[in-house]
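Student: Residue-level listing of the chains:
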Amino acid sequence: MTLVDFLQLDLVPMLAAILACVTCGLLGTLLLLTRNSMMGDAISHAVLPGIAAGFWITGTRASLPMVGGAIAAAVVAVALIGLVRRLARLEAGAAMGVVFSGMFALGLLMLVWSGADRVDLDVECVLYGILETLIWPAATGPASLFDPAALAALPSELLLLAGMFAVTVVALLLFWKELRLAAFDPAFGTVIGFDPRPVRALLMLLIAAACVAAFWAVGSILVIAALIGPPAIARLLTERYAAQFLLAALAGGAIAVAGYAVAALIPAALGAAQGFNAAGMIAVMAAVGFALATALSPFRASRRRRAAASRA
Amino acid sequence: MSTTASLPVPALSVRHLTVAYRDAPVLWEVGWATPPSGLVAIVGPNGAGKSTLIKAVLGLVPKLSGEVRIFGEPLAAVRRRVGYLPQRASVDWDFPATALDVVAMGRYPRAGWLRPLGRKEKGAARAALAEVGLSDFADRQIGQLSGGQQQRVFLARALALEADLYLMDEPFAGVDAATEKAIVSVLRRLADQGKAVVVVHHDLATAPHYFDHVLLLNLRAIAAGPMAEAFTPENLARAYGGRLSLLDQAVAAAAGAPGAAPRA
Numbered sequence: 038m039t040l041v042d043f044l045q046l047d048l049v050p051m052l053a054a055i056l057a058c059v060t061c062g063l064l065g066t067l068l069l070l071t072r073n074s075m076m077g078d079a080i081s082h083a084v085l086p087g088i089a090a091g092f093w094i095t096g097t098r099a100s101l102p103m104v105g106g107a108i109a110a111a112v113v114a115v116a117l118i119g120l121v122r123r124l125a126r127l128e129a130g131a132a133m134g135v136v137f138s139g140m141f142a143l144g145l146l147m148l149v150w151s152g153a154d155r156v157d158l159d160v161e162c163v164l165y166g167i168l169e170t171l172i173w174p175a176a177t178g179p180a181s182l183f184d185p186a187a188l189a190a191l192p193s194e195l196l197l198l199a200g201m202f203a204v205t206v207v208a209l210l211l212f213w214k215e216l217r218l219a220a221f222d223p224a225f226g227t228v229i230g231f232d233p234r235p236v237r238a239l240l241m242l243l244i245a246a247a248c249v250a251a252f253w254a255v256g257s258i259l260v261i262a263a264l265i266g267p268p269a270i271a272r273l274l275t276e277r278y279a280a281q282f283l284l285a286a287l288a289g290g291a292i293a294v295a296g297y298a299v300a301a302l303i304p305a306a307l308g309a310a311q312g313f314n315a316a317g318m319i320a321v322m323a324a325v326g327f328a329l330a331t332a333l334s335p336f337r338a339s340r341r342r343r344a345a346a347s348r349a
Numbered sequence: 367m368s369t370t371a372s373l374p375v376p377a378l379s380v381r382h383l384t385v386a387y388r389d390a391p392v393l394w395e396v397g398w399a400t401p402p403s404g405l406v407a408i409v410g411p412n413g414a415g416k417s418t419l420i421k422a423v424l425g426l427v428p429k430l431s432g433e434v435r436i437f438g439e440p441l442a443a444v445r446r447r448v449g450y451l452p453q454r455a456s457v458d459w460d461f462p463a464t465a466l467d468v469v470a471m472g473r474y475p476r477a478g479w480l481r482p483l484g485r486k487e488k489g490a491a492r493a494a495l496a497e498v499g500l501s502d503f504a505d506r507q508i509g510q511l512s513g514g515q516q517q518r519v520f521l522a523r524a525l526a527l528e529a530d531l532y533l534m535d536e537p538f539a540g541v542d543a544a545t546e547k548a549i550v551s552v553l554r555r556l557a558d559q560g561k562a563v564v565v566v567h568h569d570l571a572t573a574p575h576y577f578d579h580v581l582l583l584n585l586r587a588i589a590a591g592p593m594a595e596a597f598t599p600e601n602l603a604r605a606y607g608g609r610l611s612l613l614d615q616a617v618a619a620a621a622g623a624p625g626a627a628p629r630a
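Protein chains in written order, with this note's numbering: chain A, 38 to 349; chain B, 367 to 630.
No wet-lab data here; the hints were simulated from the structure. Keep in mind the model is a prediction, meaning the values are calculated, not measured. For glycine and all other residues, C-beta sits at the position ideal for the given N, C-alpha and C. Treat the hints loosely; a few may be bogus.
[To be verified] Label-pair restraints from in silico Cβ distances:
1) B:386 with A:97: 48 to 54 Å
2) A:206 with B:592: 55 to 61 Å
3) A:203 with B:575: 41 to 47 Å
4) A:184 with B:480: 36 to 42 Å
5) B:568 with A:127: 30 to 36 Å
6) A:129 with B:568: 42 to 48 Å
7) A:127 with B:386: 18 to 24 Å
8) B:540 with A:119: 45 to 51 Å
9) A:129 with B:394: 36 to 42 Å
10) B:440 with A:124: 54 to 60 Å
11) B:540 with A:277: 35 to 41 Å
Build out the structure end to end from the sequences listed, making use of the hints.
Tutor: Structural data, given as structure tokens:
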């Protein structure tokens, strides 16, 4: 494998995977901290009809109508979940399960009906992502990294992911204390004039947008691995709020690199004709990372002992 | 204690307040006014609607009907003068936050939306933590605190708001003796500063010792007023009617209270 090969074939997929997993890890942290992880699963599936509709209108991937469609679908999903809970008096998990599986199936049907699956948005890419197709043929060497013409030829999916990452970081910094308050004690927030509802709505919108972006990297089914895996790993390693976000971002990057390396780079280096599916391997790495964090977290045990001692 | 004006404005007043969950009323036509300042207990049996009353006043549960006035004004106009201490069990103590992080939330209104908390506000949060005797625990993760310490963190957060009216939901629930003493002295200090503190309180034995005023609540406002006038065996019997063991305890408490009215 030459450097040019790496630049042309592997750099962009790896960056895309890293951006997707870091963005999802940051946003998923807030779901994890509010014990609302299932909502990530629900939204990541429920956006599909919106994505299909967006694709239908424009005929291109990674377009703004697609992001808009996904956000609209997420809003519909959240509203439907609330409605199902109230009308059917179902517990939250059941309501989410009904709504998101139904919407996901509708999205798949829309892809088939619209004929999109014959173009370049097939069911397989919805499930597994399209990392391997994000190539950068314009790269001719390290100099391409600084060549505006070559950079302009980068796949638009990468730009969408980079934009989503930037928006997420800015939103987290801007709403840092508001998000913390809404996550920890929304009732207190309401009383002191920090209504948690707009902050929560913003978070759901960001997650919907991130789902579209991450959709390209790891596929719809595995977005949940990127949303919950990194924050869960981080949660085992720290008790600090800021560190929780930093570690979730790091863990997201780590599972992306490790997953891509095991799936594509190592088989190629060993001369194998075909690697593994990168998205699947990233999800596997999230699970491996979580197992490692659980096993190697002496901090967790000592925390328990300290807590017991201080209560005694 | 009270203002010198001819008509002192109650710190909190409610009129015709009715709240229901689904079809069952939890509060029915409650009318009540606190004094302008001092320590006020809300006392009543389990399920009497004590917490609901506080939450309805704060707009956390919807009212079917009724009007709430705080210092004579609607809540929205005086939000900055109102402090709240929720029940300890209402939050997740495994949350990755330090005691100081939580107390600092009481300074968020000073910083405003989207602005980071300044050095001065963090200093004020530290001072509030010191007031409840937890300076040494500022950097401790909240899950590693004892129940009493957690309760004091919540109290410090309320203090950090520097409000004029405090509504506290069971601040004495499940705390150790040292914490109870610390909380009482903080409450007394607030009253001495002319603030009004309304506390949902469970323990009939200590109520007359800790508080100046009382509301006896059981779906309706049974009785309200200065402790010596309202906390009588007769009123307690009406509030706790039928629950004999509790009633005995209540009567004993009322009879033993220092300022209790002599029995007729």
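Student: Give a verdict on every hint.
Tutor: Hints, one by one, checked against the model:
Against the hinted window of 48 to 54 Å, the Cβ-Cβ separation of residue 386 of chain B and residue 97 of chain A comes to about 53 Å, which satisfies the hint. Distance hint check for residue 206 of chain A and residue 592 of chain B: the Cβ-Cβ separation is about 57 Å, which falls inside the suggested range of 55 to 61 Å. With their beta carbons about 59 Å apart, residue 203 of chain A and residue 575 of chain B fall outside the hinted range of 41 to 47 Å. Between residue 184 of chain A and residue 480 of chain B the CB atoms are about 39 Å apart, so this pair conforms to the stated range of 36 to 42 Å.
At about 34 Å, the CB distance of residue 568 of chain B to residue 127 of chain A agrees with the hint of 30 to 36 Å. At about 31 Å, the CB distance of residue 129 of chain A to residue 568 of chain B disagrees with the hint of 42 to 48 Å. In this structure the supplied range 18 to 24 Å holds for residue 127 of chain A paired with residue 386 of chain B, their Cβ-Cβ distance being about 22 Å. Our hint of 45 to 51 Å for residue 540 of chain B and residue 119 of chain A is violated, since their Cβ atoms are close to 33 Å apart.
The hinted window of 36 to 42 Å between residue 129 of chain A and residue 394 of chain B is violated, with their beta carbons roughly 31 Å apart. As the Cβ distance of residue 440 of chain B to residue 124 of chain A is approximately 33 Å, the hint placing it in 54 to 60 Å is violated. Look at residue 540 of chain B against residue 277 of chain A: about 27 Å separates their beta carbons, and that is not inside 35 to 41 Å.
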